[in-house]
Each structure stands twice: as C-alpha cells, then as structure tokens.
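Chain order of the listed sequences is A and B.
Here the working numbering is used: position 110 in the first sequence is 110, and no number is missing along the way.
Whatever position you read off the second sequence (first residue = 1), add 1000 for the working numbering.
Since the hints were made in silico from the structure, they are not lab data.
Backbone N, C-alpha and C define an ideal beta-carbon position, used for all residues, glycine too.
There are no misleading hints in this set.
Pairwise CB distance ranges (calculated):
#1 GLN1097/B x MET1/A: 27 to 37 Å
#2 THR45/A x LYS1219/B: 48 to 58 Å
#3 PHE20/A x ILE1158/B: 46 to 56 Å
#4 ARG130/A x ASP1281/B: 42 to 52 Å
#5 ASP31/A x GLU1128/B: 33 to 43 Å
#6 ALA1186/B x LEU149/A: 20 to 30 Å
#7 GLN88/A x LYS1270/B: 26 to 36 Å
#8 ARG1187/B x LEU149/A: 23 to 33 Å
#9 HIS1044/B x ARG130/A: 23 to 33 Å
#10 VAL1073/B x GLU44/A: 30 to 40 Å
#11 ASP1281/B x VAL159/A: 51 to 61 Å
#12 HIS1054/B x GLU135/A: 18 to 28 Å
#13 HIS1044/B x TYR61/A: 46 to 56 Å
#14 LEU149/A x PRO1327/B: 27 to 37 Å
Residue-level listing of the chains:
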Amino acid sequence: MSPSVGALRARFGRAIGRAFVSCGDTVVFVDRVAIRDVLRWLKETPGQEFNYLVDLTAVEYRDGERPLEVVYELFSLGRRAQLRVKVQLAKETTLELDSVVPVWRGADWLEREVYDMFGIAFRGHPDLRRILMWETYAEGFPLRKDFPLRGRFSRSEQVRQALNIHPEAHYSMEELSIAEAAQDLPADMRERLRHGERGTVPERPPEEPDGD
Amino acid sequence: MATKRTVEFELATTGADARGRPIRLPLGVATAEPEDDDLDLGGHNMLINIGPQHPATHGVLRLVVELDGEVVVRVIPHVGYLHSGFEKLGEYRHYNQIIPLTDRTDYLSPMSNNVALALAAEKLMGIEITERCRVLRVIACEMSRLISHLVWMGTTAIDIGAFTPFLWTFYERERIYNLQEAWTGARLTTSLTRVGGMMADVPDGFTENLRQWCRNFPKTLDEVDRVLTRNGIWCARTQGVGVLTGEEAINFSMSGPMLRASGVAYDVRKDRPYLGYETYDFNVPVGEHGDVYDRYLVRFEELRQSTRILEQALDRLPDGPINVDDPRVILPPKSAAMSDMEAMIFHFKQVMEGVKAPVGEAYFPVENGKGELGYYFVSDGTAKPVRWRIRPPSFINLAALPKMAEGALLSDLIAINASVDIVMGEVDR
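If we strip away everything but chain A, and leave its shape as in the complex, we get:
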C-alpha cells in the first residue's frame, strides 16, 4: 500500500474512504466533494508530487446497484510512484463532479471523453462538449451498461439521421461567430440552423442603410 494513503487520511480525514491494493496498484476512494482539493494537494505537496495525470476515466459495473466510479490514475515523475484515486457517484444522484482542468490542463479532453461516454458532467470545465461522438448525438452515453452494443436507435433510423445532417451543422455557433460567418449564411441555411440541434442563430442586427 502506498504511504500516500496514510498521508491523505492524516490531511483529509473522513473525506478519504477505503483503500486497497489490486495487482500491485494502490487504489484509494475519495469523497466526491473533496476530489479537486485532494488531487491538488497530491500534486503540489512536497513528498507527494503526483505531478503527472496519466489517465482519467470512468467505470460502470455490470451490477446495477454499484455506483459509477471516476478514476484518476496518477504518477509522480520524480518519485516514480503510482496512485489511483477513485470517486464514487451513486446513480440516483446528479452525475456531477468538480473538474480538475484547473489542476491539469491535460484533463480537458479526458473529462470531455468521460462526459461523452458516461454522461458525467464536470463543474468548471471550460468547454464541456461531446468529443468522440458528434454534438447532436441523441442516443445517450455509449459506455453506460444500459446502452446496447449497437446503439439505441434502429439501423434504419441511424442511417436516416446520418443522411439528414446538414453540412452547416458541422460548425458550432462559436465557430460561426469567427468572421461573423453566421451573418453571411444563406437564408435557407439560417432557417435550417434555427430549427436545428446546434442552438440558436444569433439574430442579425437591423440593417443599416448601406452607403449608397
């Protein structure tokens, strides 16, 4: 068992749950409220220095009663030590957790992936969007156990939706705001976007009469 577990208990007390060793890796459970503080402490405290976030992922068990787990795989480059920190999220609660992007920038895409695949939202994430699935994906969260291997919709419905995607929907509103491209869209595209799944088109300000 990694000595960091004892240090964590001394510092955070009841926020630290049970710890065990599996296949030589130390795993420690942390209360969901304290997770960002615990990880920041592990990263910045001399003697711990878990400065490298190896991986961030989530696990759902086949046993439907068991809570979801968010897994932070940590490594200390200086001390060559490993620690796996886990947070349990009961399924009947809101699946929400503090983002650790302020601690590690590398958590950005990893948290987006967990959100995309498991539907766990990260509070304070700068840009929490789906990443591997497209933004308008409506079938749910693929790595959840209640998600069928082939998706929720029938094959024909999936094909129909894929064929009905408008090319302009491949740009997010934020991207269209670059160069004010949203203003320059043809009227029919703007109309489709307005009814589309990408959010609302910013209204064009009233036309000023042109110079001539």
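Model the placement of chain B on the given structure of chain A, informed by the hints.
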C-alpha cells in the same frame, strides 16, 4: 458593430460610371464616395476549415482555424470521425479476443499494442511469462517503434516539403514489414500475442534477416541525417516552432517523444520497466527546446537506440517455450485437442468460456512509439472485462495542439500537427 461594406472597382476602360463620371482612372482606384473613410477592409478574422479529408491531417482529423492574416488565433480540433467503440466492444469479448481490436487502434505499430494488451491481462491474472517470450516481445515492441518512427519521419518530411526522405524511410519500413509478415502472417492486423504467450514463434531465418537489417539500417539513417538535420529549410521550418516547455508538457499529460523533446526524461521503459527493459543497454534521448526540431531529433535518436536494443535482444534470445505451461490459459496444440480427451476439454472450455480473470483491476503502461500506451482492465471475475480502457497517447498529445499552434503561422500549424505523431485510429478508438 459596423456593417460590412463592399467596395466596387470599375475595371472598364471607357465610358462613364453609374454616376456619369468618366472612368479613365488608374485601375484599382476606388470609386466609392470620399466620405467613406471608415472602410473596414479585412477587419474580421478568417475562418478556415482543414480536413477531415486532408493529406496533412494524417487521417480524419478536422481543424477549424481562426486566422488573423496568416497568424493562427485559435485552433478548434474535431476528432471522432473514426470512432469505432473499441472500448465498448472489449466489454463483450474474452481477453484474447480483444487482441485483434488493439491491432486496429494504433495501426502503425500493431505488434506493441498486442504486447501491451497481453501484459495488462497477465498483470490482472498474475501470469509469469517465459524468458523466450519476454525477449520476443521486446523484439516486437522495438520493431513497432521503428515502423512508427519511420512513418512519422517520412510523412512529416513530406508535410514540410522534403519528399526524398519519405522514400528512404518507407523502404526500410517495408523491410521490417516483410519480417513482420513472415512472423505473424499480416502487415497490419498482426494479433501477435496471446495471454500467457505468443501466437507464433519466429520463423526460420528471421533472426538472421533482422540482424542483417540492423546492420544496414544505420546507413539509411545517415542519409536521412545528411539530408535533414542540418538542412537550412528544414531547420527554418522546425526550429522554434510549436514550443512547449517541460512544465507545460507535463501539465498536458504528454508522453513519449513529445514529452522528452521538452526536456522531461520520462520513458516508461526506464521509469516503470517491463519485459526486462532495465537489463538492456540503451539511452533515452531528451530535447531541450521542446520545438518541432527537437521532436525530430529525439525520434531520430530513438531509431538508433531501438536498433541497439534489437541487436541485444537477438544476442540473448534464449531457446525454450514461448507459452506458459498452463492449460487453463494457453490452448493445447491442435493435434492434442483432436486426440487427447483432457486437451479437448481444455480447448473447449477456453474457446467457449474464455480465460477467467480474478476480481480486481490493473493498469499497465508501455512505451509505444507515440508515447505511453496504457491498458486499464477492471474485472468482476468473469472471462470478459467490466471495463477496458485504452490510455491513448495520440489523443492526449493531440489535446495540446491548440496551445502549441497559438500565434503560429498557418504553415507552421501543419508542421506542428505533424510533429505530434497522431494516428486517428487511436485518437478516436
């Protein structure tokens, strides 16, 4: 907000314009009213879309770029076009059945993915592999690293405008592919390992041919060195481009040559050794500037070091079995399964039920060509994992692209993107 104006140029040479004025004016002189002095030409940033089908994006990567003139203000990468749901598929398969899926993630170094998966499953099950198997796996890993870096070097040189090194590196890659094909029967979908051993031993003549290759390869490497390393254009296009400091690289969870080029000497083979890498004599090259040029130098030196490791592995390759002696894990030989009752039962149970793993979880990282590849298994005691997680080095390295490309020129964005060494099969999984 200023509305957009259009400025009309009269290009005709005779006659009068719409307002009745003669248009015998030098070409390009605007005929707009003189009070229009608040003209806003090019006041907006430009939106550029690169990909998903573009040779310089190395697969189906899409970049939405905001440009101010030629300077990149912001890059918004879009990934997922090649998403195949490997992690989900893995939950429906036995551990050995997952191995073909790993071929298809990082398809530029399939053998080391196979090795990593077998190692992760063996860690979970507590299996100790044979010595010959270890050395063969080291050979497989280093061959994969060589292939991966050779592809990287060739394609990056093309992206930056040098075509010739591509031919040389792909020639050498083809030679390794021939060896790989002789060993596994496949060029890409190798599925080389099994939990507890290997799919096949190396064929006759393999070691001699690989030795021969190791002797010849440095000559090609020297040629590439002569063409690129001190080439003025190459240096101008790569030096000081896409710089990441060591701290930033760690903060972005970068790994592999990307991390080492920024001066952080973290190599899984040295820091979390596996397969007896601590007993091989090799160096880990580390850069100091963290730019595209240092990434090139780091990968270049890794090619030499991998060749060294290969030679040492060939020297020490022991005789003996490649599989563990455990009928619950390793399939019996076909002849035994067809004639011996006990062997047939083991064969049946393995094929129908798979190899059961104890309750627990294991994360196993290896140093792949792209960076730290890790497989994380969670088992509930059945023959299929509850969760199979790929720690994808390309995906995590690519996440730093917007940071690296900020303020660079559009042409540098191509060089920076090439330097990350992504494989979209692994980014999207």
